[in-house]
Amino acid sequence: MLWIQKRLRLPAVRRGFHLITDLLTAELPELEQIEMGTAHFFIQHTSASLTINENADPTVRRDMEEYFNRVAPENASYFQHTQEGSDDMPAHLKAVLLGSSVTVPITRGELALGTWQGIYLGEHRNHGGRRWVVVTLMGKKSDK
279 MLWIQKRLRL
289 PAVRRGFHLI
299 TDLLTAELPE
309 LEQIEMGTAH
319 FFIQHTSASL
329 TINENADPTV
339 RRDMEEYFNR
349 VAPENASYFQ
359 HTQEGSDDMP
369 AHLKAVLLGS
379 SVTVPITRGE
389 LALGTWQGIY
399 LGEHRNHGGR
409 RWVVVTLMGK
419 KSDK
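Using the numbering used here, you'd call the opening residue of the sequence shown number 279 and step up by one each time.
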């Protein structure tokens, strides 16, 4: 059994949903060593999220941003946690709804995502900055 853990730094991106599958896999050459296993991705922030969804049509990402902005609106009169800006509490709520981690099977050295699936970074702050993701790879080592 092979276990690998890495901490990856993502670039700062604008608010919204961003496909990061290629960014992550580019930093994980160790994937090729795993015949069968699991990749766990965990974001170390409370105002950003990870999720898996449509990887082809960018309107899905725009629609998701629009939807979550309606679910957790800025400047709601009932928010008390406002010291860090009007986007902060809504960002925490979006992160709770979407989650801080995703787990993906590894098959023959590659992430076994579906044809139309990709890993998204949900950046829920206007100026979130660079984000950290801890990746844990585990599985049966390839005979190659």
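Just so you know, these hints were derived from the structure itself, not from any lab. Keep in mind the model is a prediction, meaning the values are calculated, not measured. Careful, some of the hints might be misleading.
[Unchecked claim] Quick list of in silico lysine to any residue cross-link-like pairs, SDA-like style, CA-CA up to 25 Å:
{"id": "1", "residue 1": "Lys284", "residue 2": "Thr299"}
{"id": "2", "residue 1": "Lys284", "residue 2": "Arg340"}
{"id": "3", "residue 1": "Lys284", "residue 2": "Pro383"}
{"id": "4", "residue 1": "Lys419", "residue 2": "Met342"}
{"id": "5", "residue 1": "Lys418", "residue 2": "Glu362"}
Going through the hints against the structure:
no.: 1; hint: Lys284 <-> Thr299; verdict: 15 Å, holds
no.: 2; hint: Lys284 <-> Arg340; verdict: 30 Å, violated
no.: 3; hint: Lys284 <-> Pro383; verdict: 17 Å, holds
no.: 4; hint: Lys419 <-> Met342; verdict: 37 Å, violated
no.: 5; hint: Lys418 <-> Glu362; verdict: 45 Å, violated
Taken one by one, the earlier hints fail for this structure at numbers 2, 4, 5, listed in ascending order.
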